Structures are given as C-alpha cells and as structure tokens.
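Sequence lines, in order, name chains U and X.
Taking the working numbering, the leading residue of the first sequence gets -6, the next gets one more, and so forth.
Taking the working numbering, the leading residue of the second sequence gets 5, the next gets one more, and so forth.
Read the hints as simulated data drawn from the structure, not as lab findings.
Fair warning: there could be bad hints in the mix.
Said to hold, decoys possible - On the chain U side, residues computed to face chain X include the following (Cβ under 7 Å):
no. : residue
1   : 54
2   : 55
3   : 376
4   : 377
5   : 389
6   : 393
7   : 394
8   : 405
9   : 409
10  : 412
11  : 416
12  : 420
13  : 423
14  : 456
15  : 462
16  : 465
Quick caveat, the model's predicted, so the values are computed rather than measured.
The beta-carbon is built from N, C-alpha and C at its ideal position, and this holds for glycine as well.
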Amino acid sequence: MTADAFTALLPFLVLSAAAVAVMLAIAIRRSFRLIFWLTVGGLLASLSTLPHALAVAPLRVTDLLLVDAYGLFFHALLLLAALAVALLCLAYFRRRENENEEIFVLLLTSTLGALLLVSSAHLAMFFLGLEVLTISLFPMIAYSVRASRPLEAGIKYLMLSGLASSFLMFGMALVYGDLGGLSFEQIGASGAALEQKPLALAGMFLILAAIGFKLSLVPFHLWTPDVYQGAPAPVTAFLATVSKASVFALLLRFFTTVHAERSETFLCVLGLLAVVSILAGNLLALLQDSLKRLLAYSSIGHMGYLLVGFVAAGLLRRDLQAETIAFYLAAYTLTSLAAFGAISAISDDARESDRLSDYAGLFWRSPWLAAVLTLSLLSLAGIPLTVGFVGKFYVFAAGVQAETWPLVATVVVGSGIGIYYYLRVVLAMIQPADAGHRLALHPAAGTALAVTALLVLAAGLFPQLLIDAAANTPHSPTTADSPHQAAASPAASR
Amino acid sequence: MILLWLILIPLIGGLLSLPAGHWRDRAPGWVALAALAVDAVLVLTQFADTGAAPQTAWLAQIDWAWIPRFGIRFHLALDGLSLLLIALTVFLGFAAVLCSWTEIRERQGFFHFNLLWTLAGVIGVFLALDLFLFFFFWEVMLIPMYLLIGIWGHENRAYAAMKFFIFTQVSGLLMLIAILALVFLHYQTTRTLSFDYFELLEADLYPGAARWIMLGFFVAFTVKLPAIPFHTWLPDAHTQAPTGGSVILAGVLLKTGAYGLLRFVVPLFPGAAQDFAPIAMALGAVSILYAAKLAFAQSDIKRLIAYTSVSHMGFVLLGVFAGNAAALQGAVMTMLAHGVSAAALFMVAGALQERLHTRDMDKMGGLWTLAPRIGAITLFFSVAALGMPGLGNFVGEFLVLLGSFRVDTAITAFAALGLILAPVYALYVIQRAFHGPASPREVRDFGLREMGVMLFLVAATAWMGLHPQSMLAYTDATVNGLTRTLAQRGT
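So here's chain X without its partners, still in its complex pose:
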C-alpha cells in the first residue's frame, strides 16, 4: 500500500493546491511542501524497513487487476534502484518548490498542481512493473511538464514546450508498438495475454524480432535520456522552462530514460542489447564529447548547463550497455549525482536570471565580488560536474569508465576525453560570469531559503562522493540480477 500512497499523495497535494491558490498567495507552496514531506516520510520508513542493505531484490509490491480484457494489471514494485530514484525525486521536489518560491508569482495554485503531478508521474514510472502501466505513467508525466514550460516558461516557451511534447510523445508511441509486439509474440507462444514484467521476462523471442522490439524501447529511452542524435529538444526545453521545471527536467525526468534502459531494455532483451552494445556505447561516447563541445560554445548559461546534461547522460548510456557490475553501478551513481548537481546549477542559473533578468553570460561578469555566496555555490557544483574526486559525479564516471574499459578499450579511451572537456566548460562559466570586472550594480546574494536548499544539495553531493557504498549497497541486488541475466541469456 505504501507504494500506492507514494503516488497518490502528490496527486492529492496537487488537487489541494488548486483551491489553496485562491485562498492565499503562498498557500500552494506550503501545500506542496506538506505533500512532499509526507512522501519523504514514506520513503524514509521504507529505507528504515530495508536496513543498510536490502536482502531481497524486491522490497514491496502491489499487484491488482486493472483491465482484465488485455491482461493488464496495476502492478507496482520497489527495489533498491527505484527506492534511490524515488528518494532523489522527492528530494529534488523540495528543491523545485523552494526555488520557485519568489520566481513564480502568478497562478501559483496551478503551478504547484503541475509540479506535483509531474512528480507523481515520475514516481509512477519508477514503480510500474506492468508495461501498460509504465507507458501510462510515462505519458502522464508529460502533460503537466508541458504546461509548466508552456505557461511559466521564458520568451520562447511555446516552441520549446511543443518540441518537448512531440519528441517524447512520438518516441513513446514507438515504445507502445514495441510493447504490443512483445506482448503478442509472447501470446503466440504461451497463449497468455499479459503485460506483466515478470511474465514477459520469460518471453522467448527469436533474435530478429528481439532486435526490432529492443530498438523501439531504445529510441523512446534515448530520446528522454537524451543521447545524440535525439537530444535537440533538450536545450530548448531546459532553457525555456521556469527554474522549478528545469530542476525537475534535469534532475529527475532525464533519469526515467536511464531507468528504462536499466529496467526494461537490458533484462527483456539481453541478447539483442549485447549485440547492440557497441553502437549504443559509441553513441554514448559521441554524446559525451559532442555535447561538451556544444556546451562550450553557448553564451546562454541555461543552454550551457543543458548541454552538459547531455554530456553526462552519455556516461550513463556507456555504462548501461557496457553491462558489467562496475559500469552499471557507475551508471546509477552518475544518475543520482548528476540529478543533484544539474538541479543545483539550474537553480543558480534561475537565481541569476531572477536577479539580472538575463541568461547571457556576456552580460554578467564580476559577480563574485557582488554575490560571493552564489559564486561559491556555483564553483562547488561546477567542480562537482567536472568530476572532482571526492564528489558524487567522480565516483559515477570513474566506475563507468572502469567497467567499460574492460568491454571496449577504444570507445572508453575516446569517452575519457570528455573528462578533459568538462573542466573547460565548467571553469568557463566561472570565468565569464563570476570573474572579470564587476559592473556597478546591486545583486542580491543568496538568502537563507536558497542557502539552506543549496547546502543540502552540497551535502548530498559530498556524501555520494565520500561514502558511495551507502548508495551502491541498495542497487547491488538489482545490478547483480542484471549481470546474471546478461551472462545467462546474453549470448
């Protein structure tokens, strides 16, 4: 039942924040915080129940009939991987609400409604183990995100929102077709019509079909991830979204793509995934380098951060398809660490835009003297993003490279060049926006609310870097399951 409540509480909170908006100005924000707090309590109880390391792969399940005509069930289940990602979702939900505290002044009720419903959709994606239900949540999280960008976004919001929706929706339809093809092929051999994950894991596909079906899933997930060549929606959507939207997009929504690869593509089609691995890994490596180069060429600070997201997600793609324990653990660590650091950087960019009314780094400069706290925080997360040892991102990227080196030396060496490009763009931000001559103007530094959120994110990043084992222990069971599947049925 706890799983259902995890989804229901943000939904209810969203509904409550609508009338709250009519009642008082700040009320929707408080409602959202309260809903997230309840969800956080649920997540923490789940952590407490589990202990330091999960003994079994699946920690909790519910499985109810939903649409018997098609063998569709309302099947939710939680393992270490989904638990960590849901924790990240709720954590960044707080950040998104708090960083919108002063930025969003109009229609606050509807804003928080959309924010909470997006989060509910994402949590649903991380929990669903019926493929129809998964697709359902996958699409449900789109609409409120679309409205977030379309209503509260910046100058070019209509275009960005539309592009975001069409990219994800069309790729989602490809996934739906792949799901249906998988289900009906399974039906042909077993005579049972089922969308259940565990049932379909047993599906016996001939290699040709498996390859095509795997590609349908792969495209949907790499559009969301995103990886070259499906990334073009991301810079627009991230740049135009309001800060809270960018935080959710970069921190959580991108992770649903990576999660899909880990949860569905590899276990359902181990053979096809291994055949496809060189291409996917090459795509990952190209994403790392190409997006890093593009990031360097941006003058819009949000666009720059958006491209660095693509670059970091390249590591995830590389790690997932390398397919050994180290690389998979690295991919998960990168997801978590990037979620936190990208969210933080987008909050900085949002704060700067709120103060300076521009995202153009050429019009910044010398901010360090004017707002030293913003500068320090930016420096910390830039350094985290470039992969400084001792912080979370380093652990993730290091493990990915370590794992994939054993699989494909050439691609790994190529991808490692990204570690050279990352400092270039990261320090470039610091240099252009924070150093140099200060223009004579007043810039309000981070206040108590913003510093509080930021310090939490700093602590999380440092914790992931210094004690990664506390996270890795939760995903051990899942990762071992994946490597076992690959070893047994891969070739």
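Looking at chain U on its own, in the form it has when it is part of the complex:
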C-alpha cells in the first residue's frame, strides 16, 4: 500500500479506530460523558483528515474503494450530521438509567458504513457498506428496549432490510452472470445498452428495488412511518439524514458509472418512482397527527424531488447532475437535522413528544425551539431565506432546462400539498398558550440546533459557498461521456 493510498483511507481508518477505542473505553469505565467526548473526538479527527485525503484524490484504493472529491463532500456532510446526532443523543439519553454508552459505538460504526457506501466502486463494497450501516442501525432503532414501539420498529426494519438485502444480492448475481464483472467500471465498460442484456437489466431493477427500500421510495416505503415514529428521536434524525444521503450518493455514483441512464426504460422507471413518491408521500402526510410520521411521509416526497433532479439533470450534463444531487442532499440533511433535532430536544428517553398537540403553543413556551422548528419546516417547504429553497430551485432549474414538464408539474403539486401540512404544524405552534410553562433545553441539544439552524439560514441567504463545494464534485473516472454531453444547449438536442 502506497502512502497516498494510506492518506486516502485515513478518514475510514480514524473512524474505525475511534469505534474500537470507544468500545474499549466502555469496557474499562462506563461514563456517559467520557464516551460522548471520545466519540466527538473521533468524528472530529476523521473530519480533520478529509483535506489530506482531498489532496491525493481522486485515487483508486484497491478494487473496492474510490476516494474522490464527490465522495469526500459527502464524507464531510455525513460526519457533521453524525456529530449533531451525537450531541442530540447526549441530551436525549441523559436520564436513562441502564448502560447507555453503546449508542455511541453504534453511531460510529454506522457512520463508517455510510462513508464506505459513498466511496464504494465495487458491488462487494456496496454490499458491505450497506450492511455495516444497516446492521448498526437495528440496535440503534430498538435502543429504548423496554418500550414496545422502538422494539417493534427495530424488528420491522430488521425484517424488511433482510428482504432488501436479498433483493440486492440476487440483483448483483444477475448482473455478474450477464456482464461478468462486479466493479462499477467493469460493468460500465461492458459497453452495450442494458436493453440488450435482459438479465443484467433485471438485476439492475432488483438493485434499484433494494435502494428504493433504503430511500423509502414508493412502493418500497411501507416501513418508513413506523420506524421513524418508533425509533428514538436522535436515531430518527440519523436515519433520515446519514442513511438516506449516503444511499442516494451511492445511487448516483453507481447508476452513472454503469451508464444506466443510457437506458430509456430505466429513466422512465426512475421518473415514475419520483412521481408516485411525491404524490403518495405528500398526500399521506396530510393525514398524520404525529410529527415524526408526518416528517417520514414528507421525506418520501423529498426523495421524489431528488429523483426528479436526478433524472432531469441527468438528461442535461453529468456535472450538473452531481451538483444538483450534492446540493439538495446537503440542504435536506441540514434541514432534517434541525427538524428532528427539535423533536429530540423536547423529548427524552422516557417520553417521545411527537403528537401535534405536544407542540401547541410552543412559540410562547419555548420561542427559540419553535423558531428552529419553523425554520426547518419552511426549509422543507422550500420557502426563500432557507437552504431548502435553493435546493428546490436546483430541481426546478434542472427540470425546466431539460423540459421534463410532467415531472416539474408533479413537483409543483407536491409542494402545494406540502405547504398545507407543514403549516399545520406551525399553526399548532402559534396557538395561544401560557408562557409560564417553559421548556428547559439541554445545552448539547441547544448547540446542535443552533448550529444547524444557522447553517440552514446562512446557506439559504448566501448559497454560493455551498454551491462551490457541491459543484467541485465531478465524480467517477469517466466524466466526459454523458450521452447528452455533445449537445451544449441541452433542450435543443431532444
């Protein structure tokens, strides 16, 4: 192994070492605070190695991993999200009586899985990363093991994840059988369009189904509301951000490296998934009285918006596609962290506050918390001043430029419905209530919320910095061969 390869692997190595160190520390001395600080230290150390890795990127490390700017952008995003989740965990589990330090080990291993997923360049690493992420997630979801809801949610996620994994395996087997390769590049280099390879195409669809499950795209979404609602709030925040963002980042890398976009069928299916996800997610969110379920359905809709950006920008230019996805995912991650962070901050291990009635009059009881939650809801709804608006702007810009009018129309309809249920929450919060009963905010949760909310606002007002970061993420070895690349004015080429 060369020194460069070692540098490129540093983020993973540091994170793995941190997980081991935390585990050993727990064996020596159980102290919630100590373990928390060790975890934060590990995440920060991993974060600090990213610039070094960027200096040697892009670099292929073994057959399995590709360390490039695109992956490192997501590494930074995922590590920051994990950091916020760690802060939320500290506040949420502080009153729990039993051994509760293990949540941080699981947090580190699942983050490691997410990082591996983002950087994988080979189906084996894809599978490995996904499993490391998922298997760490089961115990996190069922962490409040005495309560029935988390347990039920954990088992549900376990069963359905198992199913999704078997789909994934079968799909990989079919692809391998037809194309004779497991690395993304090999699959992509086999040349011919997928339509002429029925087995490989079937395999691709099976892999898509597994990814659809992780992203909770309709019709693979059934687990989402139950698991979102059942899991402890910080874990829901992790599930909604780290798990989704890493899988979507992989989706883009995988499907563009293997040139799935050359297949019309494939694009149609993705477009269709986007439309049904947007409509079903937003319509079902209308019916919810639990904020966590509401946000679960809204996340289904958001994955649909992302897919619209994926398809539309993919028809235009590959670098634009990567930029759109990277920006939207960053926006979505920040916003969701703020939203679930707010839920987490007013809940704890003993009691989850997720009914809408729990939020009645929050504006007067705890103005800052209510302001953060309102900001994140407005960002989810895509209202200016927030980063969510710029994300939606990207989707609209791609959709309009590619002239995919049905998809654009669906996004408008979805956003219109979305406003209704996001505002319902705001309406609940502005109901009159006596200001006497104030909520105490744990400093850790307060810090996490303040930082994410500020970022949502700052990136909404001055998005150029985040755009630059997202735009400098041309990924994968073959950047210049999108089928539509030749046409400089994309719409005219169609």
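Let chain U serve as the given structure and place chain X on it in line with the hints.
Relative to the frame of chain U, chain X by itself:
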C-alpha cells in the same frame, strides 16, 4: 446604498421590537414608528433629490454579485413608479402601527416584528430588478403576513391564513417556473445565464414560448391582485386579519400584483401581452362588476370592503392591459388612491369591531348619532371609493376608462357599469351601519390618535384628486417607456 437601507431599516426595526416587547408594553410600537420614520426620511430625501419630475427613468441603483453560479445578482433599482409605491408603503406602515395601538395587546413585540418584515419584503419587491431576487422578496413577505393573520386574526384565522399562503405560494411557484423558462431560453440564444431584468428585456422569444411564460407571470400576479377567478383567498384573509394586517394587505400587498404586471409582464412580453389583452381586460371588467355585486350581498363589513378591493383592482387590470399612456397612468393612480382609501375603510371597520365586537352590519345601525366622527370619516372614504370627482379614486378610474375606451369600446362600456354599482354598495354601508334607529349604547368616538391618522389619509386622498399631476409626473418616464416598448415590439 439608500435602496439597501430602505429594506434593512424595517428588518432591523423588526428585530429590535422583539426584545422591546419584553422590556415594556408599548415599546415595540414606538420602535416600529421610529424605524418607519427613518425610512420616511430616506424616501423624502429621495423625493427631494429627484425634484418635481424625474429626468431619467432610473433614479438610483445598486448591483452586486450574489450567486454567480446562476448569474444571480443583488440588483435593486428605483424609478418613479417604485418611489411612489414605496412612499405609499411607508405611509400606510404608520397607519397600520397606529391603528393597532390599542387593538393588539398580546405579544406586541412579535406583532411589530411581523409587520415590519412584511413591509421590508414589500419594499424589496418594489425595488428588485433581478428576477430571482424579486421572487425571493415575493415569497419573503408571505411568511410574516401569514403569522399576522394566523396569530392575531379573528375567529376563523387558521383557515384564512392557510388559504392565503397556499394560493400565493403555488402561484408563486408557477412564476418561478416561468422565470426559469425565460432565463434558460435566453441562455440558449445568448449563452449567458442571467436573471437580470435589463438583460432579459432583450430576450428574443418565439411567440409560443412567450405566451406560456407570460401566462405563468400573469397567474402569479392576478392571484395577488386579485382578479376573478383567483380572488377567493382575499375575502377570507382580509376579513380574518387584524386591522393592521388588513391595512397592509389591502393597501400595499395587493399592489405588488399590479406592480408585477406593470414592471414584468408588459415589458418582458409585449407581444404576448397584447395578444392576451382582450382576455385580461375582460377579466378586469368582470372583476369590477362581479365583485361589486358580491360586495353588495355581504353583511360582514370587512368582507364587503374586501370585495370592493377586488372590484377596484379590476380597473387596474383593465388599465394595464389597455396599454396606452392614459390607461397606464390611471392604473397607477388607482393603485395609490385605492391603497389609501381601502386602508382607511379597513381601519374604520377595525375600530368598529374593537368597539362593538362585531363586524355584522345588521347589528350596527344608528352609529352616526353615537359616533359622528367615525361616521363622517366613513362617509368621506365611501364617497372616495365610489369615485367622486375631486378625490384620488376618481382620477384613476376616469383615466383607465378614458384609455381603455380607445382600445375596446364594448369592454369599457361594460366596465363603466361598475361606476353605478359602486355608489350602491358604498352608500349601503352608510345606510345600514350609520343611519337608522340607534340602539341605546355607548360607542367611543375616534380619539386624537385615530383622527390624526384619518385626517392624514383624507388629505392624501384629496391631494391625489385635486393635484394628480404631482404624482403622474413621477410615473411619466416609466409609462412612456412602457408605451414605447409596446409600440416597438408589440406587434
């Protein structure tokens, strides 16, 4: 820089009024007044710099890079039209703060925060000359308005606030798509990605595309204006909003729709706008008559005034799409005059509700003897609203009809019938609420604060009616630019 401060000062004032609310009960009101006073000084200096009639179309500009990735700039500019509308905004801002002085007792800090941020958003809309920035302000003014209705509104506030937000937001998204389509079509021909107004004025669109894009803008602006058939949010929002909110909604927010038509729809798509003019003018005429008829059928006094707003905005729509100098000047005059008179009428309605705890005119009656000052003021503004010569509204409506008569005789004749319906509903208010037998009760008449505000509004209305040229001089350059565009590129 003065342009940036015009927006920043209400924003800062809003932020300051939050802690002021914790400090002392009336403090947020004073903070708001101070912020508006500073803004008023800025507006007056701008008037003084300009002189009696502007020599150039654009009086001040700032143009900074904002999001270079998309060619988006922070571009503000001021011409006579925006100057007049900003003056109206600040003027009515004072009125809104003062009429809420006793009505709003709870959470005053947050109330004034929302009020000032709405005003800042509106001023931004009147100044923005980058289409992205325009959309940004267009949406930003919604949220505080939504909170104003949702928190301090009357019994059905949740429904009204939600309806208001969804109508404007969805139509706003259509406008965003239209903006993007325009920008990318421009990009295809010139290879420069820009949201700048002046750049996009040069865009060369084929007629089919121009028609669709124009429709996207048109829908967004007519929802805000509002015109039939997009008006249904307005009676709810106006009726449920607190008085200060109604004043801002009717006086200023509706004008952003009209401003959008004047500033963007006509200059950007002169050809498509002219092709579309018969339909738009017919919509305007139908709005005038249909809303007047609906107004007559209301027993809720705020709802009645809300429908008269729709009716008067029909004249604006008619005038904008008639497209000649007289009609355009008339549309601007109607915007200003209606802003003042509708704000005044909503303040009267708010004052009545504060005193009688009802907006139902069937439960009023005989108020003239109990509160003669309220009666006199109501009579004055009712007469102004019905278009009495010598007052501002008359000048506006007369010019609109004069201009559109040359374009389409049938529609104009039809719209002129509105001048018959207006006295009916205006006098109906007076008759039902102020005449008739008085019920034996105490009604506090207007005090010094309320009379002061009202007399200012009376003076403004009379000034606009007696010396309209002082206003028209400011919009001459803008209007001439519009007519020139229409003549050159229209057909």
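message = When the structure is checked against the list of hints, which entries are broken? Sort them ascending.
response = Failing hints, ascending: 1, 2, 15 and 16.
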